[in-house]
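As you go down the protein sequences, you meet chains L and X in turn. Quick note: the working numbering has the first sequence finishing at residue 364, numbered continuously throughout. Quick note: the working numbering has the second sequence finishing at residue 299, numbered continuously throughout.
You may find that some hints are simply not true.
Covered by chain X, according to a simulated footprint, are these stretches of chain L (three or more residues, beta-carbon under 8 Å) [to be verified]:
#, region
1, 112 to 118
2, 294 to 308
Simulated crosslink set (DSS-like; lysine-lysine; CA at most 25 Å straight-line) [to be verified]:
#, chain 1, residue 1, chain 2, residue 2
3, L, 169, X, 211
4, X, 211, X, 298
5, L, 247, X, 298
If you want the footprint, here are the derived chain X segments under chain L, 3+ residues with CB under 8 Å [said to hold, decoys possible]:
#, region
6, 38 to 51
7, 59 to 66
8, 84 to 98
Keep in mind the hints are simulated off the structure, nothing from the lab. Since the structure is predicted, the reported quantities are computational estimates derived from the model, not experimental observations. For every residue, glycine included, the Cβ atom is placed at its ideal position computed from N, Cα and C.
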Amino acid sequence: MTKNDNLAIEATGLVKCFGETRAVDGLDLSVERGAVYGVLGPNGAGKTTTIKILTTLLRPDAGCARVMGHDVVEEGDAVRGLVSLTGQLASVDEDLTGKENLILLARLLGFSRSRAKSRAIELLEAFGLGDAVNRQVKNYSGGMRRRIDIAASMVVTPELMFLDEPTTGLDPRSRNQVWEIIRSLAGQGTTVLLTTQYLDEADQLAGRIAVVDHGKVIAEGTPGQLKASVGSGAVHVRLMGAERRDEAQQLLAEALAAPVHLEADPAALSARVDEPERTSHAMAELDRAGIEVAEFALGQPSLDEVFLALTGRPAEDQTDEQAEEFEEEEAAA
Amino acid sequence: MTTQAQQQAGSTPDLDASLLAVLAQGERPSRPSAVSAALTFGWRGLLKIKHVPEQLFDVTLTPILFTLMFTFIWGGAIEGSTGEYLQYILPGILVVTVTFTTVYSGVTMNTDLTKGVVDRFRSLPISRSAPLAGPLLADSCRYVLAALVGLAVGLVLGYDVDGGVLGVIGALAVLVVFALGLAWAFTALGLVMKTPQGVMNFGFTLIFPLTFMSSAFVDPETMPDGLQAIVEQNPFTRVVTATRGLLEGNASWDDIGIVLAFAALLTAIFAPLTIRLYRTKA
Numbered sequence: 032m033t034k035n036d037n038l039a040i041e042a043t044g045l046v047k048c049f050g051e052t053r054a055v056d057g058l059d060l061s062v063e064r065g066a067v068y069g070v071l072g073p074n075g076a077g078k079t080t081t082i083k084i085l086t087t088l089l090r091p092d093a094g095c096a097r098v099m100g101h102d103v104v105e106e107g108d109a110v111r112g113l114v115s116l117t118g119q120l121a122s123v124d125e126d127l128t129g130k131e132n133l134i135l136l137a138r139l140l141g142f143s144r145s146r147a148k149s150r151a152i153e154l155l156e157a158f159g160l161g162d163a164v165n166r167q168v169k170n171y172s173g174g175m176r177r178r179i180d181i182a183a184s185m186v187v188t189p190e191l192m193f194l195d196e197p198t199t200g201l202d203p204r205s206r207n208q209v210w211e212i213i214r215s216l217a218g219q220g221t222t223v224l225l226t227t228q229y230l231d232e233a234d235q236l237a238g239r240i241a242v243v244d245h246g247k248v249i250a251e252g253t254p255g256q257l258k259a260s261v262g263s264g265a266v267h268v269r270l271m272g273a274e275r276r277d278e279a280q281q282l283l284a285e286a287l288a289a290p291v292h293l294e295a296d297p298a299a300l301s302a303r304v305d306e307p308e309r310t311s312h313a314m315a316e317l318d319r320a321g322i323e324v325a326e327f328a329l330g331q332p333s334l335d336e337v338f339l340a341l342t343g344r345p346a347e348d349q350t351d352e353q354a355e356e357f358e359e360e361e362a363a364a
Numbered sequence: 018m019t020t021q022a023q024q025q026a027g028s029t030p031d032l033d034a035s036l037l038a039v040l041a042q043g044e045r046p047s048r049p050s051a052v053s054a055a056l057t058f059g060w061r062g063l064l065k066i067k068h069v070p071e072q073l074f075d076v077t078l079t080p081i082l083f084t085l086m087f088t089f090i091w092g093g094a095i096e097g098s099t100g101e102y103l104q105y106i107l108p109g110i111l112v113v114t115v116t117f118t119t120v121y122s123g124v125t126m127n128t129d130l131t132k133g134v135v136d137r138f139r140s141l142p143i144s145r146s147a148p149l150a151g152p153l154l155a156d157s158c159r160y161v162l163a164a165l166v167g168l169a170v171g172l173v174l175g176y177d178v179d180g181g182v183l184g185v186i187g188a189l190a191v192l193v194v195f196a197l198g199l200a201w202a203f204t205a206l207g208l209v210m211k212t213p214q215g216v217m218n219f220g221f222t223l224i225f226p227l228t229f230m231s232s233a234f235v236d237p238e239t240m241p242d243g244l245q246a247i248v249e250q251n252p253f254t255r256v257v258t259a260t261r262g263l264l265e266g267n268a269s270w271d272d273i274g275i276v277l278a279f280a281a282l283l284t285a286i287f288a289p290l291t292i293r294l295y296r297t298k299a
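Next comes chain L alone, as it looks inside the complex:
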């Protein structure tokens, strides 16, 4: 592999097996410095394992990776000095207070005792945790935990930050706060690699996205390119009454030039659209026919729809892989 100074991450052919399961199976990745890069995929796709390899926590079975120019196997120590990891699980000590956690990390990173204390307070205040300084982390709310997790990764501002599903399980308000933090981080020059199960999140934050499935990258590009390859999204229509749904289906199919599905709700229909501008035309057609519409929505394609377009099957097909992910944890434990 040639060394490319512009790349924060350069991985080729990464493989990691846990028993029979090939959690990562020939994964290639290249992430430019200064970018926010999204790794999108369902549970069990190999996202966490990839992050663990790139942060030197796991040794790959095959392939190689350079992070900030250093080989993750040969120069692990140099890599650890430049990156920080916010794992999926709470990555601070829940028995300690927020302040104690940050002092602990600051001391481990070489801050003097007094500077460690002041750095801890600075970070807690900046992350809106100023009132929870002396409270044990186990008594924090979900959003506060996530913020202390991220704050813990910034005791020394890293050159590359790994965030493993930073917003999974958060309420929308906390999610927005985390997004804001990630944008600030990127704004001051840190490269960010985040994994997510939500296309919406990757779209909001990332300049480029890799879609991962079964331990491989199956699509890569800007959010725009990715969405173009998938179709812009789906139109969801709910009628005032169910009687005229068949008629509506026919009208919509013609107006959208796309197949229209009948939903389980007897008054609802949906269709994938490649040309969003046709939707207003479709709306007008329904109006002209006198079919009353209760709801008309043009949504972004979901992860399922991305998967359907890329692999011909929905992401839910991988539920058996959730079991594998548990096995992976088991194998790890």
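Since chain L is already given, all that's left is putting chain X on it; use the hints.
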């Protein structure tokens, strides 16, 4: 607590401006030494005792219960009087209770592993041995506490320390050094087992026969020949002999030396293994 937490989350912080300020500092202190990092992990262990004082329950209760139970329940039957039996078993009880405490090093490590915090430590640019050696500092405090509690109960019941203050200090030192060697072994176990309960069960299944098949509670002379041979070879018998000798003021350097050598052997085997297991843990 929940409502308080929600209020916290509710007060939207002005993240942007202050956040940029803390991020922009770019302060990169130089790496701490392995010793300094280990001390920091030791500090964490002490903080955990402060926040979860329940973990000292066993440490204080076991020596009290053991001393009382063995003295008064078995004393009359075994030695003919509780006073004489106390004089015989107290050093043994100290060895057993301190040994029990070492199992918790493994339990603590295993509990850490089930949380994400170990991944955080492993992704830091720090010495590889510090996260493992550090907690042993806090553990040492537990060993000393367990031994002192047992000794205090013994003194109240009339145990004579013929070895004096120096004997007590010597006995504590030998116990702590031996326990630290053993703690490496249990930390390794903590890294291999799946659950904290598993570590606990396996650890005590191992510790029970080893400590009881020693000279801790009963004079080996009274045992059947075959068992007697085993008991005499049991390292725990050596630890009991050294502790007893120090407390009674008649320890030989051989008795002490062999315990220190045994502790060194345990450390030489299990410290590198533990550090390796911690590093390669998925």
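Going down the list of hints, with the structure as the test:
Check result for the region 112 to 118 of chain L against chain X: holds, 5 residues qualifying (beta carbon to beta carbon below 8 Å, three or more required). Given as covered by chain X, the region 294 to 308 of chain L fails the check, having 0 residues with a CB less than 8 Å from a CB of that chain where 3 are the minimum. For the given pair, residue 169/L sits about 23 Å from residue 211/X by alpha-carbon distance, which is consistent with the 25 Å threshold. For the hint pairing residue 211/X with residue 298/X, the CA-to-CA distance comes to about 12 Å; that is within 25 Å, so the pair holds.
A threshold of 25 Å between alpha carbons decides the hint, and for residue 247/L with residue 298/X the separation of about 23 Å falls inside it, so the pair holds. Only residues whose beta carbon comes within less than 8 Å of a beta carbon in chain L count, and the region 38 to 51 of chain X has 12; three or more means the coverage holds. Check on the region 59 to 66 of chain X: 4 of its residues sit with their Cβ under 8 Å from a Cβ of chain L, so the three-residue criterion for coverage holds. Coverage of the region 84 to 98 of chain X by chain L is violated in this model, with 0 residues showing a Cβ closer than 8 Å to a Cβ of that chain against a need of three.
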